[in-house]
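Below, each chain spelled out in residue letters.
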Amino acid sequence: MTVDLVGNLVFLIIGVVSIASVPFVVLAIESKDLLKAIIFSAVQSTLYSFLLFLLLAPDIVLVYVAVSVGLLPLLSTLLVKKVGRYEK
Amino acid sequence: MRSRDIAFALLILSILLILAVPTFLGALGSLPPENIRSLARSILGLTFNPYNKSLWTASPEAVAAIIWDYRGLDTLYETMVFYTAIIATLMLYREVLGSRDEVRGRGLSLIVKRGTAIALPAIVVVGLSTVLHGMLTPGGGFQGGAIMAVAPVVALIVFSRSIIEESRLTYAHLVALRSLALLGIVLVPLIPIIVTFGNAFIFQNQAKALYSFTYPSTVLDVPMGGLITFLNIFEGIAVFSAFTLAFTILLYSEKVSRKAVEGEDIGF
Amino acid sequence: MDFRIVLFSTAVMALYINIAISVYGIIAKPNLVKKFIGLTIAQDTMNVMAILIGYRLWRKAIVQPPVLTNWSPTPEDIQEFVTRAVDPLPQALVLTAIVIGLAVNIFLVAAILHLYRHFNTVDMDEISKAKREMIVGETA
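Residue numbers (my numbering), protein chains in the order written: chain W, 1 to 88; chain H, 1 to 268; chain P, 1 to 140.
Just chain W, with the same shape it has in the complex:
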């Protein structure tokens, strides 16, 4: 009985988290301000790392959080500072 309820709940959260990441990808591709696009992509990476935790892959969560939410937005913000913030 308990296994049945917990089983349905985990799959429900997997479905909700992966559907919630689609609007952030659309906003990141469509916005003209490049800094906002980087922040939307970082939010989408956070939702992906939660999805990876639910899929029981703890090694991947450690690498993914350090790389995609830490180092990659830092690198992209440095790039945007040097080349110009607004797309034409």
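Read the hints as simulated data drawn from the structure, not as lab findings.
A few of these clues could be false.
[To be verified] Heads up, simulated EDC-like pairs for lysine to aspartate or glutamate below, C-alpha to C-alpha not over 16 Å straight-line:
hint: 1; chain 1: P; residue 1: LYS29; chain 2: H; residue 2: ASP5
hint: 2; chain 1: W; residue 1: LYS81; chain 2: H; residue 2: GLU254
hint: 3; chain 1: P; residue 1: LYS60; chain 2: H; residue 2: GLU34
hint: 4; chain 1: P; residue 1: LYS29; chain 2: P; residue 2: ASP123
hint: 5; chain 1: P; residue 1: LYS29; chain 2: W; residue 2: ASP33
hint: 6; chain 1: W; residue 1: LYS82; chain 2: W; residue 2: ASP33
hint: 7; chain 1: H; residue 1: LYS255; chain 2: H; residue 2: ASP101
hint: 8; chain 1: P; residue 1: LYS29; chain 2: W; residue 2: GLU30
hint: 9; chain 1: P; residue 1: LYS129; chain 2: W; residue 2: GLU30
hint: 10; chain 1: P; residue 1: LYS35; chain 2: W; residue 2: GLU30
hint: 11; chain 1: W; residue 1: LYS88; chain 2: P; residue 2: ASP123
hint: 12; chain 1: W; residue 1: LYS82; chain 2: P; residue 2: ASP123
hint: 13; chain 1: P; residue 1: LYS29; chain 2: W; residue 2: GLU87
hint: 14; chain 1: P; residue 1: LYS129; chain 2: W; residue 2: ASP33
hint: 15; chain 1: H; residue 1: LYS259; chain 2: H; residue 2: GLU34
hint: 16; chain 1: W; residue 1: LYS32; chain 2: P; residue 2: ASP123
hint: 17; chain 1: W; residue 1: LYS81; chain 2: W; residue 2: ASP33
hint: 18; chain 1: P; residue 1: LYS35; chain 2: P; residue 2: ASP125
hint: 19; chain 1: W; residue 1: LYS82; chain 2: H; residue 2: GLU254
hint: 20; chain 1: H; residue 1: LYS255; chain 2: H; residue 2: ASP5
hint: 21; chain 1: W; residue 1: LYS88; chain 2: P; residue 2: GLU80
hint: 22; chain 1: W; residue 1: LYS88; chain 2: P; residue 2: ASP125
[Said to hold, decoys possible] Computed footprint of chain P on chain H; a stretch qualifies when at least three of its residues, placed anywhere within it, have a C-beta under 8 Å from a C-beta of chain P:
hint: 23; segment: 19-26
hint: 24; segment: 32-42
hint: 25; segment: 56-62
hint: 26; segment: 79-92
hint: 27; segment: 150-157
hint: 28; segment: 250-260
[What the hints assert, rightly or not] Partial list, derived from the structure: chain W residues whose beta carbon lies under 7 Å from chain P:
hint: 29; residue: PHE11
hint: 30; residue: ILE14
hint: 31; residue: ILE19
hint: 32; residue: VAL25
hint: 33; residue: ASP33
hint: 34; residue: LEU35
hint: 35; residue: SER49
hint: 36; residue: ILE60
hint: 37; residue: VAL67
hint: 38; residue: VAL69
hint: 39; residue: PRO73
hint: 40; residue: VAL83
Where is the CB? At the ideal position from N, CA and C, for every residue including glycine.
Dock chains H and P against chain W, hints included.
What follows is chains H and P alone, placed relative to chain W:
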């Protein structure tokens, strides 16, 4: 609407259809799978099995055992690809490598400096702990190295560039550290062959049926995994120094970086 | 049981929509930084897809990650571990892929900065116009 917008809408739709139709007709098997494949079952059954000591790796973590023992050659070549990619980044700036910066920076305000100075050693300690426990819990060389690499980058932005130039993490030291770590990764699987004069396999972890060289399998009272511990430590050092190198090169001021580009419009 | 398979299939469809939108972003937008952001989203989504295939539908007992927590196991413990754990092979391959992806992304950022310092713009339309004028000027 212009024809360009129609073409892009058709592109999105066709990618979706090409991916979705074979999946729901069964190309990936049933979703989610009912049973894992037989190779995974045999790896999980053999990785910490003290009743079958001719095929075991002494580490209770299956992912670290696959990366450094069962598929160790793949990881060795991947480390070499990583090494070459960072060399390619450094080659774009070859006239200005290792030189001092001409613009003196001041860093951020006092509150930010003191707060960061408390948090930075904590980041390095967490990264080291993740590297050293890679054979018991989720962790390992890549994970710990990526966590540790956040610390010098934050220090570079908060304290301005003088902290790198007046410390021991200069360009020459970082390159030497990275090359020594890669040398360590290459030598550790070759030690069985050197020590027993040719009577062992490459990447041999524990004693096999034919040859009987073995790395130690417990340290004090905790399963160690043989060569997995040493390879994790070297890989953590290599990843940490590679990311620090790449970020110090990218964060030069514009006056110094323009020297790497001058002369290209007349052809050299 | 049917409900769980339906939810899993919606997760797979949402990831496919992400791949399609980010590939559209790589092809259609002329700014180089936007192309770079789309490329990173596509790489991350494909890595998550590879791990999604390694999951396991459970009917009686709860699944666990592929880490053994009992340091002196009996043969029954090992048998139960094999019937409960998820697949460790895709996780090992994705670990390699993430680190190499980051190294190649760092090289791409260095190349974009180099292009900016040479041409003074990061818009692909203006760069190809400048290159066309340069080629026409040199062969005249």
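Hint check results:
1. P:LYS29 to H:ASP5: holds, 12 Å
2. W:LYS81 to H:GLU254: holds, 12 Å
3. P:LYS60 to H:GLU34: holds, 12 Å
4. P:LYS29 to P:ASP123: It holds: about 9 Å lies between the C-alpha atoms, which stays within 16 Å.
5. P:LYS29 to W:ASP33: Given that 16 Å is the threshold and the Cα spacing comes to 13 Å, the pair holds.
6. W:LYS82 to W:ASP33: OK: LYS82 of chain W and ASP33 of chain W at ~14 Å, within 16 Å.
7. H:LYS255 to H:ASP101: holds, 9 Å
8. P:LYS29 to W:GLU30: The hint holds at about 9 Å.
9. P:LYS129 to W:GLU30: violated, 25 Å
10. P:LYS35 to W:GLU30: Given that 16 Å is the threshold and the Cα spacing comes to 12 Å, the pair holds.
11. W:LYS88 to P:ASP123: Holds: LYS88 of chain W and ASP123 of chain P sit about 8 Å apart, inside 16 Å.
12. W:LYS82 to P:ASP123: Within the cut-off at roughly 14 Å; holds.
13. P:LYS29 to W:GLU87: Distance of about 10 Å is within 16 Å: holds.
14. P:LYS129 to W:ASP33: violated, 24 Å
15. H:LYS259 to H:GLU34: violated, 60 Å
16. W:LYS32 to P:ASP123: holds, 13 Å
17. W:LYS81 to W:ASP33: holds, 12 Å
18. P:LYS35 to P:ASP125: Distance of about 13 Å is within 16 Å: holds.
19. W:LYS82 to H:GLU254: OK: LYS82 of chain W and GLU254 of chain H at ~9 Å, within 16 Å.
20. H:LYS255 to H:ASP5: Measuring from Cα to Cα gives roughly 42 Å; hence the hint is violated.
21. W:LYS88 to P:GLU80: violated, 59 Å
22. W:LYS88 to P:ASP125: Answer holds: LYS88 of chain W to ASP125 of chain P is near 11 Å, not above 16 Å.
23. 19-26: holds (count 4)
24. 32-42: It holds: at least three residues are needed, and the segment 32-42 of chain H offers 9 whose Cβ sits within less than 8 Å of chain P.
25. 56-62: holds (count 3)
26. 79-92: holds (count 7)
27. 150-157: violated (count 0)
28. 250-260: With 4 residues in contact (Cβ-Cβ under 8 Å with chain P), the coverage given for the segment 250-260 of chain H holds.
29. PHE11: holds, 4 Å
30. ILE14: holds, 5 Å
31. ILE19: With a closest approach of 5 Å, the ILE19 of chain W hint holds.
32. VAL25: With a closest approach of 5 Å, the VAL25 of chain W hint holds.
33. ASP33: Violated, because the Cβ-Cβ distance from ASP33 of chain W to chain P comes to roughly 11 Å (cut-off 7 Å).
34. LEU35: Violated: closest Cβ of chain P sits about 10 Å from LEU35 of chain W, beyond 7 Å.
35. SER49: violated, 9 Å
36. ILE60: holds, 6 Å
37. VAL67: With a minimum Cβ separation of about 5 Å from chain P (threshold 7 Å), the hint on VAL67 of chain W holds.
38. VAL69: This interface hint is violated because 11 Å lies over the 7 Å limit.
39. PRO73: violated, 10 Å
40. VAL83: At about 5 Å, which falls below the 7 Å cut-off, the nearest Cβ of chain P leaves the hint on VAL83 of chain W intact, so it holds.
Hints 9, 14, 15, 20, 21, 27, 33, 34, 35, 38, 39, counting from the list given before, are not met by this structure.
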